[in-house]
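*Asks:* Residue-level listing of the chains:
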Amino acid sequence: MIKDWLFPWESHIMINHPLAMPVFMGIASFFLSIVTWTRGNNNQNKSKQKDMDEN
Amino acid sequence: MERISQYQLFVLTVFFQVGTTIIFGFGAAAGRDAWIVTIISLLVGIFVISIYLFLSYLNPGLTLVEWFPAQFGKWIGTPIAWLYPLLFLYEGGRILNDIKYLTTTIILVDTPFLAIILFFLLVVAYLQYCGIEVIARIGEIFFPYFLVMILGSVVLILVSDILRVDNLLPVLKNGWKPILASTFPLGASQGFAQSLELAMIWLLVSTSHKEIVKTTLFATVFSGLLILITVLMIITGIGEFFYKIESFPMFALVSKVNIGGIIKNLDAFAVLLFIISAFFKLSLHLFFAIRGFQILTKVESSRKLIIPITIISIYLGYSVSSNYEEHIKVAIEVFPYNLWIMLLWILPFALLIVTLIKRAIKNRKKEMAQAKE
Amino acid sequence: MRRNMFFKNTKIKKDDWDNVTVKVDAELIPAKISEVLNNIKITMGNSTDLVTRDFKTGKDGSIDIGIAYVDGLADKVFVQDYIIQPLMTDLRMTGLDIEIEKDPNVFEVIKNFNLVSGDLKEIIDLKTLYTHLLSGDTIVLIEGYKKGFAVSSQGWQDRGIQEPTSQTVVRGPKDGFTETLRTNTSLIRRRIKNTDLWIETIPVGNKTQTDVALLYLKDVANPKIVNEVRMRINKIEIDAILESGYIEEMIQDKTFTVFPTIHNTERPDAACAAILEGKIIIMVDGTPFVLIAPAVFVEFFQSSEDYYQRADISSLLRMLRYFCLFLALITPSAYIAVTTFHQEMLPTLLLISLAAQREGVPFPALIEAVMMEVTFEILREAGVRMPRAVGSAISIVGALVLGQAAVEAGIVSATMVIIVSLTAIASFVCPSFNMAISIRILRFVFMILAATFGLFGIIMGLIMMVAHLASLRSFGVPYLSPMAPMVAADQKDVFVRVPIWKMITRPSFISQSDSRRQATPSPKPPNKSTNEGGSQGENK
Chain A
1 MIKDWLFPWE SHIMINHPLA MPVFMGIASF FLSIVTWTRG NNNQNKSKQK DMDEN
Chain B
1 MERISQYQLF VLTVFFQVGT TIIFGFGAAA GRDAWIVTII SLLVGIFVIS IYLFLSYLNP
61 GLTLVEWFPA QFGKWIGTPI AWLYPLLFLY EGGRILNDIK YLTTTIILVD TPFLAIILFF
121 LLVVAYLQYC GIEVIARIGE IFFPYFLVMI LGSVVLILVS DILRVDNLLP VLKNGWKPIL
181 ASTFPLGASQ GFAQSLELAM IWLLVSTSHK EIVKTTLFAT VFSGLLILIT VLMIITGIGE
241 FFYKIESFPM FALVSKVNIG GIIKNLDAFA VLLFIISAFF KLSLHLFFAI RGFQILTKVE
301 SSRKLIIPIT IISIYLGYSV SSNYEEHIKV AIEVFPYNLW IMLLWILPFA LLIVTLIKRA
361 IKNRKKEMAQ AKE
Chain C
1 MRRNMFFKNT KIKKDDWDNV TVKVDAELIP AKISEVLNNI KITMGNSTDL VTRDFKTGKD
61 GSIDIGIAYV DGLADKVFVQ DYIIQPLMTD LRMTGLDIEI EKDPNVFEVI KNFNLVSGDL
121 KEIIDLKTLY THLLSGDTIV LIEGYKKGFA VSSQGWQDRG IQEPTSQTVV RGPKDGFTET
181 LRTNTSLIRR RIKNTDLWIE TIPVGNKTQT DVALLYLKDV ANPKIVNEVR MRINKIEIDA
241 ILESGYIEEM IQDKTFTVFP TIHNTERPDA ACAAILEGKI IIMVDGTPFV LIAPAVFVEF
301 FQSSEDYYQR ADISSLLRML RYFCLFLALI TPSAYIAVTT FHQEMLPTLL LISLAAQREG
361 VPFPALIEAV MMEVTFEILR EAGVRMPRAV GSAISIVGAL VLGQAAVEAG IVSATMVIIV
421 SLTAIASFVC PSFNMAISIR ILRFVFMILA ATFGLFGIIM GLIMMVAHLA SLRSFGVPYL
481 SPMAPMVAAD QKDVFVRVPI WKMITRPSFI SQSDSRRQAT PSPKPPNKST NEGGSQGENK
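Protein chains in written order, with full-length UniProt numbering: chain A, 1 to 55; chain B, 1 to 373; chain C, 1 to 540.
Looking at chain A on its own, in the form it has when it is part of the complex:
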C-alpha cells in the first residue's frame, strides 16, 4: 500500500490510484520549495547582476 504512494508515476498506480500522483507532486514541490526559500534572495540578486553584466 505504501509502495503505491512512493512510485505514483508508474502506470498501474496512475490507473488504480489517480490521486496518488497529484498528491506526490504536491508534497515533492513543497519540499523542493524549501530549497528555494533557504537559498534566499541575495543569491538571486547576484545572478541577476551577473546577467546584466553579461548583457
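If you're looking for bench data, these hints aren't it; they were derived computationally from the structure.
On a predicted model such as this, the values are computed, not experimentally measured, just so you know.
Mixed in with the good hints, there may be bad ones.
[To be verified] Keeping only pairs whose Cα atoms sit at most 30 angstroms apart, straight-line, the calculated DSSO-like set for lysine-lysine is: (1) C:56 x C:76; (2) A:3 x B:329; (3) C:502 x C:528; (4) C:32 x C:76; (5) C:41 x C:121; (6) C:76 x C:207; (7) B:304 x C:254; (8) B:214 x C:492; (9) C:207 x C:254.
Keeping the supplied structure of chain A fixed, place chains B and C upon it in accordance with the hints.
*Replies:* This is chains B and C only, laid out in the frame that chain A set:
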C-alpha cells in the same frame, strides 16, 4: 542570455504542438468524428493560448515558474511553481515511453529498450549542453524536411487512392456528447494547452510581445491544420474501426500505400517523422524542466542540472509505463484528468484572476492617491 | 552574447605589434664597413650563399663601399647593373664627384643621384639589416655612416603561375596562386583595382619570420572580424610557419570538431569573390593555399564555376552536390541498416536478389562495409602518395583484385562493391577536399550507429551531427548560417544560385556595411521602337 528569433519560435511551437500526435492520432475516442474534435480543440486551444499569452503580458520579464511566486507571494507561489518542472519531467518520461514502444514494436524489434532510451537521451543531453539557440537552429534545419515529408506522404496517399470519404459518414452519429468528452480535457490540452510550457522561452524571443503573440497564434493554427489533415487522412484511409484500435494509426495508413508495386512500404517515412517530432518535443520538455529547476533552485548555470535531470529521465523512461495498453490508458483516461486539468487549466485561470484583481486594486490605489493630491 | 564577449578583447592594434618587433633587438649598425661585413659573416656562419664585397670609389678612391647580398635570393644581374656598376664607375666618370665635393654628405648624394632603384630603404639597426638581407635585398654600406641602404633586388627562381591542381574548373580563369606572397597579392590586386583593398603583413614564426598577409576590402569587411583575425594571428608564438595549415589550426574557433571552420583555396578568382563578400584572406608566404575566414558550411559546396555557368545549370549542380553529400555520408550505413534490421522495407524481388548475393559472404554487413571502405581509403591514400610511375599498378590492383576477385572469391557481395564505389565517387564531388575528408570520417560513425540501432541510429546520428554543426562558429559567425539562423535574403546562394543580376546584396551574416552589390536592371528584350530596324531588315 541566449536569444531566439521569431521564425525559430514558430518552428519550435509547431514541433511542440504537433509532437507525437502525428503518429498516435487525435481524439480517437470520438471515432470518425475525430476531425470535429480537432477543430473544436483548435478553437479552444487558441482561446487558452491567448490567455497564457495575456498572462505573460501581465508578468513582463518573468517565465512560467516565476509568475506564481510573483502573484501569489513567496509562500504559496513557490510550491505551485515547482509543480511545473515536475510535470515537464513526467511528460518527458511519457515521450520516452512512446519512443520505447514504437521503436520496439516496429523498427527495432530485438533491441533492448533501455539501449534505445539511453541513446536517445544521449543525443538530447548533448543538445541541452548546446543550449536553446542550437535546439532552435536544428529545428530550423529540420522543419522544411519535416513539412516536405508530411506533404510527400499526403501526395503519395492521395495518388495511391486509398482514401474513402464514405468513412467519414454518418457525421455526428452519436451526437455531441462523445465529441465534447474527447475535446476536454484531452483534445484541448494535448499540444494546445500544453503550449503553456512555451512560456518558459517567450522571454528569450528577440521581438516585441505583440510579435510573439502573432507568431504563437499563427503557429497554433498551422499545427492545428497539420493535425486536421492527418486526422482526416487517417479516418478516410483506414476507417473508424481501425482508427480506434490501431496503436499507431498513421503507421497503419502509410503501410497501405502502394503505387504500382514500386513505391510501397513507406514505414520508414512515418518512423522518421515520428522520431524527429518526438525528439523535439522531448528536448523541449527537458529544456523547460532544466530551466525551471535552474530558476527555482537559483543555481547559476543550468549545465550542472543536465546530468541529474537526464538520469531522472532515464529512470522515468524505464518505469513510467509497464506495458503499452497501460501507457495508452493513462494517456487517455487518467493523466489529462488528474494532472492537466489542475495544472494547465485551473491554476493558470486562478493566476489570471488574481493578477487582474491585484492590478485593479493597484490602479484603484493609484487613482485614489492622485485624487488626494 | 558569446560573440560580444569574444570581441571585447580585440583592442590590440597593428601599431602596437610594429613597436614590439622594433624594440626587441635594436643593435645599431657600426660605422666601419669591415666590422659590419665581418659581423654578417660571423652571424651567418660564413654561409656559402652569402656574397660580400667591399671596394673603393669616388674621385681618388676616397669612398669605401661595402655590399652584401644572398646569392639565389637576389638577382645577380640586377645587382651587377644597377648597384655595383653605378657605384663603381658612374661615381667616377660622371660629374658626381663634383657634387660630392660640394656636399660632403656622401650618403645623401649616393641616395639621391646614384642608386637607381625604386624600392630603397634606409636601415639603421642590424635586425632590420638581416631581415632585408634574407628577403633578397642588397645591403649597401658606406664607410663612416652608422646606417646603410637596403636596395630591393629580389629575383629568385619560383614556379610560374600555373593552373591550380586542387580546384579545377571547366570554365573560368586558369591561373593559380604560387609560392611567392608578392605574386599572390598581385593576382588579387589585378582583379580588384580599389584603394579599399588593404593588405597587412605580419611576420610570424620566431625562426622563419614568414610573412603572413591579411587582405580585406576595408569598407565591406566587418571590422570586428578583421580585428579578431589579426588578434588571433598576433597571439601565435611558434618557431616556424611552413604552410597556411599551421595558421588555420592555430586560429580556428573550436578544435574539437571534424569540420573545417576555415576555408582554403588555390584560385585567385575564388579569393577575390570571398574578399568582395566581406571575408578576409590570409596569405602565407611559401604556399599557394590561401585561407578564407570566416567560413560557413555551405561555402564548402560552392565552386567558383557556379558563378561562371548559367544560373540554372549551377543551381542543378549545386543540388547534385548536396545530394552527393547525403549519399557519401549515409549510403553504406543505410545499406547496413536495411539489410540488418529492416528487410521488410525493400521490395521483395530486390530483397531476394540481395539475399542471394549475400548468401556466400561470411561476414555481417557491418564488417563487410567497413572492410571495403577501409580498402578504398587505402587505395585513395596510395593513389595520392605513390610515385606517378606506379599509378597503373594501383589501378589494376584496385579494379581487378579488390573489386572483381573479391566478389568472385565470395568475400564481399557485389552490391557492397557498388555501394562503396558510389560513396567514393560521391565524396569526390564535394569541391572542397577537407570537407570531403570530414564526411568520410563521419561515414564510419554512421556505419557503426546503423549496425547498432538501424534506421533509428542513422536519424539520431544526423540530428546529433546537425546539432554539432549548429553549435560551431567561425570567427563568431554561426557555421550553419544562412540556414540556421535563417536569413531569408541570403538563401539566394545556398541551394540554388540565383542569376547574377538578382544577387543584389552581399551575404548579411558576414558583414552589414556597404551591403548593396549592384543596381543592374534585370535583362529584357529591347522595346519595340528600337527593334524596328531589325524587322525592316527581314522584310527586305
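*Asks:* Now, for every hint given, state plainly whether the structure supports it.
*Replies:* Against the structure, the hints come out as follows:
{"no.": "1", "hint": "C:56 x C:76", "verdict": "20 angstroms, holds"}
{"no.": "2", "hint": "A:3 x B:329", "verdict": "21 angstroms, holds"}
{"no.": "3", "hint": "C:502 x C:528", "verdict": "25 angstroms, holds"}
{"no.": "4", "hint": "C:32 x C:76", "verdict": "25 angstroms, holds"}
{"no.": "5", "hint": "C:41 x C:121", "verdict": "22 angstroms, holds"}
{"no.": "6", "hint": "C:76 x C:207", "verdict": "26 angstroms, holds"}
{"no.": "7", "hint": "B:304 x C:254", "verdict": "22 angstroms, holds"}
{"no.": "8", "hint": "B:214 x C:492", "verdict": "27 angstroms, holds"}
{"no.": "9", "hint": "C:207 x C:254", "verdict": "27 angstroms, holds"}
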